[in-house]
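Student: So you can see what is in the structure, the chains are spelled out below.
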Amino acid sequence: MKSLVHEFTKGIIRENPTFVLVLGLCPTLAVSVSVVNGIGMGIAATFVLLGSSMIVSLVKNFIPNKIRIPCFIVIIATFVTITELCMKAYSPVLDRALGIYVPLIVVNCIVLGRAEAFACKNNLAKSFLDGLGMGVGFTLALVLISAIREFLGSGQILGHTLIKGFEPPFIFGMPSGALLVIGLLLGFFNLIKNKKT
Amino acid sequence: MGNNLLVSGSPHIYTRESISRIMWTVVISLIPAGIAGVIIFGWDALWITLAAVAAAVSTELIFEVLTKKKITVLDGSAVITGILLAFNLPAGVPLWLPIVGAVFSMVVGKLVFGGLGQNIFNPALVGRVFLLASWPKYMTTFTKPFCDTVTSATPLAILKEGKALGHIPYWDLFIGNHGGCIGEVCILALLIGAAILFIKGYISWHIPFTYIFTTGLFIYVFGGPGLFKGDWLFHILSGGLILGAFFMATDYVATPLTARGQIIFGVGCGVLTAVIRIWGGYPEGVSYAILMMNAATPFIDRYTKNRIYGSR
Amino acid sequence: MNLQEFLSIFISSVFIYNVILSRFLGLCPFVAISKETKPALAMSAAVTFVITASSAVTWLIYRFLLLPFNLAYLRTLSFVLVIAALVQLIEMVIRKTSPVLYRAFGIYLTLITTNCAVLGAAVLNIDMFFVKGRPVAGSFYYSIFQGFCMGLGYTLAMLIMSGIRERLELSRVPKALHNFPIAFIIASVLSLSFMGFNGFKF
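Chains as they are written, first to last, in the working numbering: chain R, 1 to 197; chain A, 1 to 312; chain G, 1 to 202.
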């Protein structure tokens with residue numbers, strides 16, 4: 001039981017896909033302009049991660065080793081297509097905001113990476129928890145980065161102005177600001193890690 | 001006998017030069033332009049410059065104390081960054097702007113790379129481009145010279161909007177009687193400062209002259225309503241070209257080491273500046289041009305290495 | 001199909017909307033492989049080659065297979081499979097025809113399958129050069145050229161980055177910033193510098 005809980009929690013801090021494994025950065029930087037987008041992408045990616053991890057873990061014994069990567073890709077792409085269509089139908093605003101990064105979930109290193117490194121070697125329960133943990137960790141990272149960028153770049157969070165009279169530096173809504181934020185955050189977390197050891 | 005007979009190991013020739021000396025001489029060479037800025041734009045120019053310098057020096061000091069490194073604030077390099085950043089700002093900006101910009105310049109432009117001698121980009125320009133992207137309104141609102149309540153556009157901005165220039169006489173451009181950033185408008189003062197650096201041998205002609213010449217040539221060929229009709233003198237005397245070419249593109253650390261490399265650097269800056277001025281969305285391209293060539297410098301250095309004696 | 005459009009695609013794909021510094025595609029290999037120039041160059045060449053080829057193939061598939069049979073929603077799935085197959089094919093061809101080249105590209109070729117840049121380029125081509133299910137005039141050539149330019153932009157960013165990072169090997173970067181953090185900070189300043197090309201008009 002303890003090991004099962006461990007599979008879930010490791011994705012949140014110790015092996016956080018964004019800050020520790022440094023995976024899946026493309027969508028992270030692109031969509032983290034606002035917290036709403038960050039949460040939307042996080043949920044979409046978690047859904048794909050969960051679905052694909054579970055299916056891969058179920059069929060792992062039936063897939064020949066040589067073609068396992070293309071098989072994973074097909075499974076992942078199916079879930080991504082489902083996500084794409086649902087998003088277009090139920091939240092077209094979010095779909096337009098996330099743009100090409102929704103179909104790009106299919107090559108998101110986190111999803112493929114977990115399928116290859118974990119789901120094809122572990123049972124259903126563990127794969128489910130691993131996927132869930134990684135998804136939650138990814139979403140939390142997205143929310144953190146988006147909160148910083150949205151506050152600094154537009155003075156608001158979730159559309160609400162926090163400090164009156166604050167003139168936000170627009171650069172944080174731009175690609176340059178995104179790269180700066182992730183660079184400084186990674187450095188900050190490294191500093192904490194170095195202090196601990 | 002006194003101390004005329006000194007016994008020691010080599011080197012046996014001593015010079016009074018040191019990093020501090022060079023840096024502080026550069027500071028002195030920037031004073032004419034500073035004085036001109038205050039005369040033209042008022043005391044605000046002085047407060048902005050002092051704020052930027054104070055912020056830059058404090059940032060470096062705090063960083064070095066926190067990371068237990070040697071305190072190097074007295075070498076003058078932080079002061080130069082502060083001054084150059086301030087010279088790239090309009091005189092009407094609120095005082096928190098140069099402070100934030102100076103902190104950004106020092107942290108992202110210099111300290112994260114390891115301090116003096118390690119930076120890839122010119123720190124003052126990193127700060128300026130950051131400020132321009134973050135608070136475009138403040139960074140593009142210029143006051144009329146000798147009258148700090150009326151706004152006016154810079155000559156290059158007027159040119160970019162396609163309006164006729166109504167012609168600003170070259171003499172006005174030369175002494176700085178037009179809208180612009182604190183330290184960039186008075187060409188006369190800048191040239192005096194540059195002369196000081198040339199006399200002392202602290203900068204060489206390679207970068208500034210190839211930069212200015214290339215910009216002028218490109219503008220002459222492509223910058224006019226037809227080929228070979230560009231107003232090159234106007235462009236050379238406008239915007240941040242003189243300030244950039246003599247004081248920022250000559251940064252020892254962020255530019256190539258060899259003469260050949262420096263010429264390539266100068267030409268690259270010139271082409272980029274002219275291209276952005278003519279076809280780009282911004283009226284002025286000096287900051288971007290220099291930063292891009294800073295990024296290319298490691299490559300330029302690699303392929304213009306001097307042949308080491310004895311190697312093939 | 002006019003020269004203006006090609007020029008505009010070139011400037012925007014290489015400089016303004018640089019595939020790495022602005023669209024954030026292909027970031028994983030960017031920070032991982034840009035430490036030295038030789039691997040960076042090899043990776044960039046491979047990426048450029050694959051993006052151009054896949055731009056052509058995916059366009060054809062979209063135009064003649066997916067659209068006529070109303071299967072546009074299978075775009076993601078089919079594109080990603082096509083790209084994977086294409087990479088396999090290219091790898092086999094290179095191994096047979098030029099072992100030297102194969103050794104140079106090495107593992108990078110396989111890594112390209114998961115490179116967001118390739119799939120991203122394919123999707124962007126469709127988004128930009130198809131209007132309401134119909135290809136715009138010259139769409140095929142624009143798509144291939146855009147793919148190629150994205151490869152060029154990728155190469156430019158990789159080369160600059162590797163030059164800078166090789167030089168940083170000799171610097172005293174603070175320990176917490178080693179490797180990834182400083183790479184991102186450099187990319188941030190590069191992105192800032194490239195903004196100079198915003199608003200380009202010929």
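Don't take each hint at face value.
Unchecked claim - If you want the footprint, here are the derived chain G segments under chain A, 3+ residues with CB under 8 Å: (1) 150-157; (2) 162-169; (3) 188-201.
Unchecked claim - Here are the simulated BS3-like cross-link-like pairs (lysine-lysine), alpha carbons at most 25 Å apart as the crow flies: (4) R/K193 - A/K305; (5) R/K60 - R/K121; (6) G/K96 - A/K229.
Stated by the list, open to error - The following residues of chain R were derived to be distant from chain G, with all beta-carbon distances above 12 Å: (7) S3; (8) V107; (9) V136; (10) Q156; (11) F189; (12) L191; (13) K193.
Read the hints as simulated data drawn from the structure, not as lab findings.
Everything numeric in this text was worked out from a predicted model, so none of it was measured.
Note that beta-carbon positions come from the ideal geometry of N, C-alpha and C, so glycine has one too.
Student: Hint by hint, note whether the structure agrees.
Tutor: Hint check results:
no.: 1; hint: 150-157; result: violated (count 0)
no.: 2; hint: 162-169; result: holds (count 5)
no.: 3; hint: 188-201; result: holds (count 13)
no.: 4; hint: R/K193 - A/K305; result: 40 Å, violated
no.: 5; hint: R/K60 - R/K121; result: 8 Å, holds
no.: 6; hint: G/K96 - A/K229; result: 56 Å, violated
no.: 7; hint: S3; result: 29 Å, holds
no.: 8; hint: V107; result: 5 Å, violated
no.: 9; hint: V136; result: 21 Å, holds
no.: 10; hint: Q156; result: 22 Å, holds
no.: 11; hint: F189; result: 9 Å, violated
no.: 12; hint: L191; result: 4 Å, violated
no.: 13; hint: K193; result: 8 Å, violated
When held up to the earlier numbered hints, the structure conflicts with 1, 4, 6, 8, 11, 12 and 13 and fits the remainder.
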